[in-house]
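**Q** Spelled out, the chains give:
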Amino acid sequence: MLNAIFGTLSSGAPPVAPNSYESISTVTVGLLGATSIDFTSIPSTYKHLQIRGISRGNRANTEDIIGIQFNGDTTSTNYYSHRVLGDGANAGGGAQTSASGFPCAWAFDTPSATATANVFTALVIDILDYTNTNKQKQGRTLAGYDGNGSGFLALASQLWMSTSAISSISLLPEYGTGFVQYSSFALYGIKG
Amino acid sequence: MAAGSTYTPIATTTVGSAVSSITFSSLGSYTDIVIVCNGTGGISSNDSSILLQFNADTGSNYSTTYLLGDGSAAASGRIGPSTAVYSMRVNGTTNSTGIAHVQNYSNSTTYKTVISRGNTPQYAIALVGLWRSTAAITSIKLLEQNGGNFQTGFTATLYGIAAA
Chain B
294 MLNAIFGTLS
304 SGAPPVAPNS
314 YESISTVTVG
324 LLGATSIDFT
334 SIPSTYKHLQ
344 IRGISRGNRA
354 NTEDIIGIQF
364 NGDTTSTNYY
374 SHRVLGDGAN
384 AGGGAQTSAS
394 GFPCAWAFDT
404 PSATATANVF
414 TALVIDILDY
424 TNTNKQKQGR
434 TLAGYDGNGS
444 GFLALASQLW
454 MSTSAISSIS
464 LLPEYGTGFV
474 QYSSFALYGI
484 KG
Chain E
17 MAAGSTYTPI
27 ATTTVGSAVS
37 SITFSSLGSY
47 TDIVIVCNGT
57 GGISSNDSSI
67 LLQFNADTGS
77 NYSTTYLLGD
87 GSAAASGRIG
97 PSTAVYSMRV
107 NGTTNSTGIA
117 HVQNYSNSTT
127 YKTVISRGNT
137 PQYAIALVGL
147 WRSTAAITSI
157 KLLEQNGGNF
167 QTGFTATLYG
177 IAAA
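Listed in order, the protein sequences are those of chains B and E. For the first sequence, the numbering used here begins at 294 and goes up steadily by one. For the second sequence, the numbering used here begins at 17 and goes up steadily by one.
This is chain E alone, in the form it adopts within the complex (with noise of 0.2 Å):
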């Protein structure tokens, strides 16, 4: 039988003038957790990735893998050890959307995998990362790569499901 309705908004943040992070540091008690991201940002009009970062860790924890298009070919690679998940993309002139999911994120027994995807007027990527910790997340904090900005009315909101 159906445990009811999930797939909860958790929180929005909408940028009202440019910041170089957002972070969300209520994530609730769900399983999963989805973050969605509709923008602009960055330090050109190349795109760039969205960085996310756990529980402050600043340290070389994290690595990633993606897959990309960018209309002419398909290409794949690896990132790390980094000190932030790579994970949905971003472009500086024109509007992007990103999608991550963060599964299972409040176990203390494995490392946490994220999967995202990005549009782009550059690119379609996939990525998945790995956050070498068995801590439970309790914060997300997001970046931009290059150490730009968010700019005004970009949107990042977080939704927990929870499972039955």
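Same shape as in the complex, but just chain B (with noise of 0.2 Å):
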């Protein structure tokens, strides 16, 4: 089903089985902005969890970047991540291993405070096999912003080192300290 919802789409099949894609919750940051985004408690009942949303920071710089975190691990050689990207000029690839100082594995970039006005980071993380407690975690993300003059694409896969059960995933910023107002996020969890 995974290549149904993510890749492979044949003609005129829907990308996922009928009720087998669910809503679990929403964070949207409101006018005092937010200094992190927290699904907690997730349920144990589904195969995948998708996080979709849109993103701007409060750094007082162009950019950020958003780091996600699971189960509140605060241990940075826990997080590796690996990215290719484009920034409009170039195209590249970049790494982050044994995360030093941001416990967190590179999720996105997200456009911050000098940025062009009102706009946001579009995003969409996969996170597979989340209650699997044989397999370290891997998650996905196709994110980028576009800023009329600058952007941001990337294509990430996220590594966590553990075999426990995801039951609660934090989005953080590496160098601001928070999301903007209309940032949002929505959980979704994925029938096996």
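Calculated from the structure, these hints are not laboratory results. Note that the structure is a prediction, hence the values are computed from the model and not measured. Keep in mind that the hints are not guaranteed to be accurate.
[What the hints assert, rightly or not] Far from chain B by the CB rule (all over 12 Å, computed), these chain E residues: (1) Ala34; (2) Ser41; (3) Asp48; (4) Ser60; (5) Thr74; (6) Thr81; (7) Ile95; (8) Thr109; (9) Asn123; (10) Ala142; (11) Gln161; (12) Gly163; (13) Gly164; (14) Asn165.
[Claimed, not checked] In silico negatives: residues of chain E with every beta carbon more than 10 Å from chain B: (15) Ser21; (16) Gly32; (17) Val35; (18) Leu43; (19) Gly44; (20) Ser45; (21) Ser88; (22) Gly145; (23) Lys157.
[Claimed, not checked] Quick list of the computed label-pair ranges, beta carbon to beta carbon: (24) B/Thr368 x E/Gly169: 51 to 61 Å; (25) B/Lys340 x E/Thr110: 30 to 40 Å; (26) B/Ser457 x E/Thr74: 47 to 57 Å; (27) B/Gly365 x E/Thr109: 47 to 57 Å; (28) B/Ser460 x E/Gly20: 15 to 25 Å; (29) B/Ser461 x E/Ser60: 49 to 59 Å.
Beta carbons are placed, not taken as given, at the ideal position from N, Cα and C, and that holds for glycine.
Since each chain sits alone in its own frame, please combine them into the complex, following the hints.
**A** Encoded structure:
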């Protein structure tokens, strides 16, 4: 079913089996902003998770990096990420290993305080087999923003080196202190 | 607690004879829209983009950043200001697939961002497009980049995803 959802899409076929994709919860950032985006008490009744949303940070810069953290694990050496990216001029790759000082795996970049007004990153994060206690956990992201003269787009992977079932997920800024109003994130469960 | 099933099919267009555009004008009440395309289109055997235009806005209010690989190298570029978002890809002779995500399309406070992927014989590509409008999106028009047609059998399906 995953291929149907995320990749190989055959003509006319629905991308998900009926009744297999459910909304779990949504966080919409209000006027005062939010220091993190937290999904807690995630039900263990699905096979996979997906986070969809729009994001803008408060860092005094054009953009910030947002990391993903699982089960409140703040051990930096448990997180790794790799990505292929484009900024409108160059294509490249990057890696984050044993994330020093930032106990998260890179998930996506977000426009911040000095970016073009009203521009938000659009993002889709997939977290596969999140309750399996025999596997380390992998996520993957498609995310980007265009600022009409600037922009950033990345395909990224995230590794959490733990076999624990995922019961909570946090999104955290690497440099800024949070997310601004109208950022919105929704967590979905996909049945297996 | 889950709020119930979503990822709901809204509409499908299957091209019976070549057309230059496909328009979806009843989007329903969801959080995100997903567009899935499959088929052939364009004016030659080369690739071209599928363009997305919102609310019949033909002004130069759109821009796009892309990242692609052609089998030998990766590249990134920028398009715009333009009169549409550059989105999925299509090929004139060989079947291609694409998926586009239009996030939070009905809010009236942010510019709208579309992330998409396309897979053709020539490229694997990811794109992010901006529509510089805070208006809620009420219609989506698909066009072929070079003024060509979507060819017989091309399908475009719209899905709605509702957040809790």
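**Q** Hints first: check each against the structure and report whether it holds.
**A** Hint-by-hint comparison with the structure:
no. : hint                            : verdict
1   : Ala34                           : 16 Å, holds
2   : Ser41                           : 20 Å, holds
3   : Asp48                           : 6 Å, violated
4   : Ser60                           : 22 Å, holds
5   : Thr74                           : 17 Å, holds
6   : Thr81                           : 3 Å, violated
7   : Ile95                           : 9 Å, violated
8   : Thr109                          : 16 Å, holds
9   : Asn123                          : 7 Å, violated
10  : Ala142                          : 6 Å, violated
11  : Gln161                          : 17 Å, holds
12  : Gly163                          : 23 Å, holds
13  : Gly164                          : 19 Å, holds
14  : Asn165                          : 17 Å, holds
15  : Ser21                           : 4 Å, violated
16  : Gly32                           : 13 Å, holds
17  : Val35                           : 16 Å, holds
18  : Leu43                           : 16 Å, holds
19  : Gly44                           : 15 Å, holds
20  : Ser45                           : 13 Å, holds
21  : Ser88                           : 12 Å, holds
22  : Gly145                          : 6 Å, violated
23  : Lys157                          : 19 Å, holds
24  : B/Thr368 x E/Gly169: 51 to 61 Å : 52 Å, holds
25  : B/Lys340 x E/Thr110: 30 to 40 Å : 33 Å, holds
26  : B/Ser457 x E/Thr74: 47 to 57 Å  : 52 Å, holds
27  : B/Gly365 x E/Thr109: 47 to 57 Å : 53 Å, holds
28  : B/Ser460 x E/Gly20: 15 to 25 Å  : 22 Å, holds
29  : B/Ser461 x E/Ser60: 49 to 59 Å  : 51 Å, holds
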